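Got chain A sorted already, so can you dock chain B onto it with the hints?
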Amino acid sequence: MTTHPLRIGSGAGYAGDRWEPALELIEKGEIDFICFECLAERTIAREALSRRNRQSEGYNPLLAERIRSVLPAARKHGVRIISNMGAANPEAAAEAVVEIARAAGLAGTKVAALLGDDVLNWVLAHPEEHFLETGEPIESVHSDIVSANAYLGADAIGQAIETGAHVIVTGRVADPSLFLAPVLATYRWSENDPRLGQGTVMGHLLECAGQITGGYFADPGKKDVPEPWALGFPFADVWEDGRVRIGKVAGSGGRIDRMTCTEQLLYEMHDPAAYVTPDCVLDVTELEFKEVGPDLVEVIGARAKPRPDKLKVSVGYLEGFIGEGQISYAGINAVARARLADEIVRRRLELRGYKYDDLRVELIGLETLHGPEGEKGKRPEPYEVRLRVAGRTRDRRAAEVVGQEVETLLTNGPAGGAADFKTVREILRVQSVLIPRSEVRARVKVFEA
Amino acid sequence: MSIRVYDLAHSRAGDKGDTINISVIAYDAAGYQHLGRYLTCERVMETFASLAKGPCRRFELPKLLAYNFVIERALDGGVTRSMRMDIHGKSLSSLMLTIELPDMETARSDEYDH
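Order-wise, the sequence lines are chains A and B.
Counted the way the working numbering counts, the first sequence spans residues 5 to 453.
Counted the way the working numbering counts, the second sequence spans residues 31 to 144.
Just chain A, same shape as in the assembly:
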């Protein structure tokens, strides 16, 4: 490998991810960029609701803490930060970063906000468009819609990189695009460049951070991971000719090899010949991983087909409430007592006249994750079980009653019930529509400390 590659680190795989691995990458990883992927599908809808209540909010609530912990080191080592922590309010997020830079004595820190993913007005003006998932028209939920955000691509993020900003905060962008953007900005690959396949798969492999370095992988005795409590997060080396290698800081915990890479490659992937992003349609059917050193894997053979004409839009809307209650039973005959508790709650809800669009009753410890007993017949009875009752309804009162009826089992239900818990949450459902690219205008606003 003759020329120096561009090195991109992955600082977070979700909003609440561990803090130290990013700092380790910045201080010891010799990286050029670090990307933090912190925006799940429905998070932006929730943040849009916060922004509605307070104009200065609507970005990732952990942004300040995370930026404060990495910005001084990033400036010192010349590492540029890219993150979708801007959520529903990238401008306010950029202003918050500027405040942090000032407080840390980092005058001259440039922060760019990427705007334009918010397409709520377009969605509200097109009630006839249909959701991709259910085929229902937007019209059917029109008054309940709280947000609509288009997935911007690496080209849009590139506009923010071009400003020379030290920190770039975005709203909704495709996760792999966060990582591809610095590659495009550095090597100036065009829209139809075949190397986009290698760049996009690199982004896909890095977007969940620890999930490629031995996180979400360990099965003791079968698939062991060294020092998972000190898991290192990954970086990728990308050469101008499209070569890609995935590694981590020497001495950090975890592992990178063909097994961890293959699990992460197929994570959240459907057709491996057609993984659609705003930048290209990725084809990994010919892809291979080659272990080229300790915790160092070369990625070979990802291909790209032309990018789609339309962008995906996540539409968030309110859809009622889920009320839930839980209570535990242990010892002799625990399962029978829990089943009686289940019957009591269901009968009580019926007696009181509450109706639910869906009512789910199950025993944690026996049938919650993999469903009721199936082909293998009776499962061994656990020593402890926990009854869980959940009801979905448009009526907040009915949702509250679910937890209340579980709670009253404490004094009115079977013997030995304990450790009760209840909750009500508002459902913020997300579905998708497609929008023509011409309707989406990405733009950048720069702030300086």
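Be careful, since some hints might not be right.
Away from chain B, derived, C-beta distances all over 10 Å, residues of chain A [to be verified]: (1) Arg-22; (2) Glu-95; (3) Pro-232; (4) Arg-307; (5) Ile-439.
List time: in silico DSBU-like cross-link candidates among lysine-lysine, alpha-carbon distance up to 30 Å [as the list claims (entries may be wrong)]: (6) A/Lys-227 - B/Lys-93; (7) A/Lys-227 - A/Lys-32; (8) A/Lys-382 - B/Lys-120; (9) A/Lys-80 - B/Lys-120; (10) A/Lys-294 - B/Lys-46; (11) A/Lys-316 - A/Lys-449; (12) B/Lys-83 - A/Lys-359; (13) A/Lys-294 - A/Lys-309; (14) A/Lys-426 - B/Lys-120; (15) B/Lys-46 - A/Lys-314.
Quick caveat, the hints were computed from the structure, so don't treat them as lab data.
Please read these numbers as outputs of a predicted model, since none were measured by experiment.
Ideal placement from N, C-alpha and C gives every residue a C-beta, glycine not left out.
Below, chain B without anything else, positioned relative to chain A:
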């Protein structure tokens, strides 16, 4: 005699809307062949019957010795409205690994019989 998918492969599950994808990555070429023959969508849906309506599609990645199972209507409407505890279906990779298939010996004698 039977063998578990767990003995032949490792697995990870990911969600997108109401669809789950579950990778099944063989430890070696013999395992990949064996899974190809016996771990069909039909066999998978027998085990997933109480959880997923389907349809199920199986994609093959011979260079990675991997299969990717994509099962629709599998997540009670998806993460944003599911009433399950495991709203993402993350634990379903562990269910995939519990599936029992005829073992290699049985498979060979089957072949001989036919």
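Results for each hint:
1. Arg-22: Nearest chain B Cβ is 18 Å from A/Arg-22, so the label holds.
2. Glu-95: 26 Å, holds
3. Pro-232: A/Pro-232 is indeed farther than 10 Å from all Cβ atoms of chain B, at 16 Å.
4. Arg-307: 12 Å, holds
5. Ile-439: 18 Å, holds
6. A/Lys-227 - B/Lys-93: 21 Å, holds
7. A/Lys-227 - A/Lys-32: Since the Cα atoms of A/Lys-227 and A/Lys-32 sit roughly 28 Å apart, the hinted pair holds (cutoff 30 Å).
8. A/Lys-382 - B/Lys-120: 24 Å, holds
9. A/Lys-80 - B/Lys-120: 39 Å, violated
10. A/Lys-294 - B/Lys-46: With a Cα-Cα distance of about 29 Å, the restraint between A/Lys-294 and B/Lys-46 holds, given a limit of 30 Å.
11. A/Lys-316 - A/Lys-449: 23 Å, holds
12. B/Lys-83 - A/Lys-359: 25 Å, holds
13. A/Lys-294 - A/Lys-309: Within the cut-off at roughly 23 Å; holds.
14. A/Lys-426 - B/Lys-120: 24 Å, holds
15. B/Lys-46 - A/Lys-314: 19 Å, holds
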